[in-house]
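Chains Y and R are the protein sequences, given in the same order. If you're matching positions, the first sequence starts at 148 in this note's numbering and goes up one per residue. If you're matching positions, the second sequence starts at 148 in this note's numbering and goes up one per residue.
Simulated from the structure, these hints should not be mistaken for laboratory data. Idealized CB from N, CA, C, for every residue including glycine. A hint or two may mislead.
[Stated by the list, open to error] 20 Å max Cα-Cα, derived EDC-like pairs, lysine to aspartate or glutamate:
no. : chain 1 : residue 1 : chain 2 : residue 2
1   : R       : Lys202    : Y       : Asp287
2   : Y       : Lys329    : Y       : Asp215
3   : Y       : Lys202    : R       : Glu173
4   : R       : Lys277    : Y       : Glu166
5   : R       : Lys202    : Y       : Asp215
6   : R       : Lys202    : Y       : Asp320
7   : Y       : Lys202    : R       : Glu301
8   : R       : Lys329    : R       : Asp215
9   : R       : Lys151    : R       : Glu173
[To be verified] Just so you have them, the derived chain R footprint on chain Y, three or more residues with Cβ under 8 Å:
no. : segment
10  : 237-244
11  : 272-283
12  : 297-311
[Said to hold, decoys possible] Across the chosen pairs, the derived CB separations fall in these ranges:
no. : chain 1 : residue 1 : chain 2 : residue 2 : range
13  : Y       : Ala254    : R       : Pro194    : 20 to 28 Å
14  : Y       : Arg302    : R       : Arg302    : 25 to 33 Å
15  : Y       : Tyr265    : R       : Gln266    : 44 to 52 Å
16  : Y       : Glu166    : R       : Lys316    : 40 to 48 Å
17  : Y       : Asn212    : R       : Pro194    : 32 to 40 Å
18  : R       : Pro194    : Y       : Pro194    : 53 to 61 Å
19  : Y       : Pro311    : R       : Ile188    : 30 to 38 Å
20  : R       : Arg196    : Y       : Thr280    : 39 to 47 Å
21  : Y       : Thr181    : R       : Gly244    : 23 to 31 Å
22  : Y       : Thr149    : R       : Arg196    : 34 to 42 Å
23  : R       : Ala193    : Y       : Arg165    : 29 to 37 Å
Residues per chain are reported as follows:
Number of protein chains: 2
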Amino acid sequence: MTLKLYLAGPEVFLPNAREILDAKAELTRSYGFTPICPGDISIEPAPTRHEFGLKISAVDEGMMNSADGVIANLTPFRGIAADPGTAFELGYMCAQGKLVAAYTNVAENHFARTSAFYQGDVREWEDGRKRATDGTALEDFEMIENLMLHGGVERRGGPIIVHPAPADKLLTDLTGFEQCLKALAAIIAK
Amino acid sequence: MTLKLYLAGPEVFLPNAREILDAKAELTRSYGFTPICPGDISIEPAPTRHEFGLKISAVDEGMMNSADGVIANLTPFRGIAADPGTAFELGYMCAQGKLVAAYTNVAENHFARTSAFYQGDVREWEDGRKRATDGTALEDFEMIENLMLHGGVERRGGPIIVHPAPADKLLTDLTGFEQCLKALAAIIAK
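This is chain Y alone, in the form it adopts within the complex (with noise of 0.2 Å):
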């Protein structure tokens, strides 16, 4: 029995996002697991869009459920940050002590994003903490995201993936995500 992994990220969002999960899943396939990605179950149609929206959650959690690991897409999203649909969706799969792996498409880490979010003005306070010019703290723990998702993968011994890709292919490349694959791979052959 193969294990199943669902494929968590905001390229659901593209308008091509049906294209980029089939590459996905064929990758997943072919690297001997079994994939899941949200929009694979068509959803029944709701009275209201919020109810539908609450249909998609209940769907997506249930893949989760059904799954035995995940690879988050943390790309940043919309600023500096992962999509946070995707961060919940890799806190939900670490409670479930599954298989978690996640990579980025960015080379800059956290802390170098935070800083450019406030044009660089940071400064090392009386406290020890480098803080920007609104006081808050900036993490500095060379991750690729807080220290919550890259500690929750890293510490559960999943890869970690960092491939710069081309600016215009930041939601596409699937390098990094095929690094990931070819890591869980060996951890399962182990």
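Place chain R on chain Y using the hints.
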């Protein structure tokens, strides 16, 4: 025995984080719960910053494992979305089937904030989805965040509180937080 609530939110990054967390803890106790805050446990030094980050991740996950529920502050942080660490933690607690609650200190919902990110240039495409100029789809489900976060809480019967706070109190106003406590206390009393 009182139920333990993990208090998740980006206020941990504030210069006066301890003060805010102490105020949250006191409110939490006043509603009959035991508060658990990130930062309550002092974390031993580590050889590298990276390893220190991993230690914090382990301690915070341990706190969540010992908690019976979470109140997540989903107020947008450094952009239009919730802090990704908080999103991860909310997913983590949803997966464990614990009590969940969320609040935000801004009035604009997820769709309004994301539309504003694109200067309102959002149109309905032929596929029936509302899309921005870059082609990415916007969720329009009358939710305060990505549907996995909002749906994860609402589907579990948890409160979702919206309290528009003054601009200078976005990360410190505790009105919505207290409403979550009140709602959770009512759920427990049933």
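Verification of the supplied hints:
{"no.": "1", "hint": "R:Lys202 / Y:Asp287", "verdict": "holds (14 Å)"}
{"no.": "2", "hint": "Y:Lys329 / Y:Asp215", "verdict": "holds (16 Å)"}
{"no.": "3", "hint": "Y:Lys202 / R:Glu173", "verdict": "violated (37 Å)"}
{"no.": "4", "hint": "R:Lys277 / Y:Glu166", "verdict": "holds (19 Å)"}
{"no.": "5", "hint": "R:Lys202 / Y:Asp215", "verdict": "violated (26 Å)"}
{"no.": "6", "hint": "R:Lys202 / Y:Asp320", "verdict": "violated (32 Å)"}
{"no.": "7", "hint": "Y:Lys202 / R:Glu301", "verdict": "holds (11 Å)"}
{"no.": "8", "hint": "R:Lys329 / R:Asp215", "verdict": "holds (16 Å)"}
{"no.": "9", "hint": "R:Lys151 / R:Glu173", "verdict": "holds (13 Å)"}
{"no.": "10", "hint": "237-244", "verdict": "holds (count 7)"}
{"no.": "11", "hint": "272-283", "verdict": "holds (count 5)"}
{"no.": "12", "hint": "297-311", "verdict": "holds (count 5)"}
{"no.": "13", "hint": "Y:Ala254 / R:Pro194: 20 to 28 Å", "verdict": "holds (25 Å)"}
{"no.": "14", "hint": "Y:Arg302 / R:Arg302: 25 to 33 Å", "verdict": "holds (29 Å)"}
{"no.": "15", "hint": "Y:Tyr265 / R:Gln266: 44 to 52 Å", "verdict": "violated (22 Å)"}
{"no.": "16", "hint": "Y:Glu166 / R:Lys316: 40 to 48 Å", "verdict": "holds (45 Å)"}
{"no.": "17", "hint": "Y:Asn212 / R:Pro194: 32 to 40 Å", "verdict": "holds (38 Å)"}
{"no.": "18", "hint": "R:Pro194 / Y:Pro194: 53 to 61 Å", "verdict": "holds (57 Å)"}
{"no.": "19", "hint": "Y:Pro311 / R:Ile188: 30 to 38 Å", "verdict": "holds (36 Å)"}
{"no.": "20", "hint": "R:Arg196 / Y:Thr280: 39 to 47 Å", "verdict": "violated (22 Å)"}
{"no.": "21", "hint": "Y:Thr181 / R:Gly244: 23 to 31 Å", "verdict": "holds (25 Å)"}
{"no.": "22", "hint": "Y:Thr149 / R:Arg196: 34 to 42 Å", "verdict": "holds (39 Å)"}
{"no.": "23", "hint": "R:Ala193 / Y:Arg165: 29 to 37 Å", "verdict": "violated (44 Å)"}
In the structure shown, a violation is registered for the earlier hints numbered 3, 5, 6, 15, 20, 23, in ascending order.
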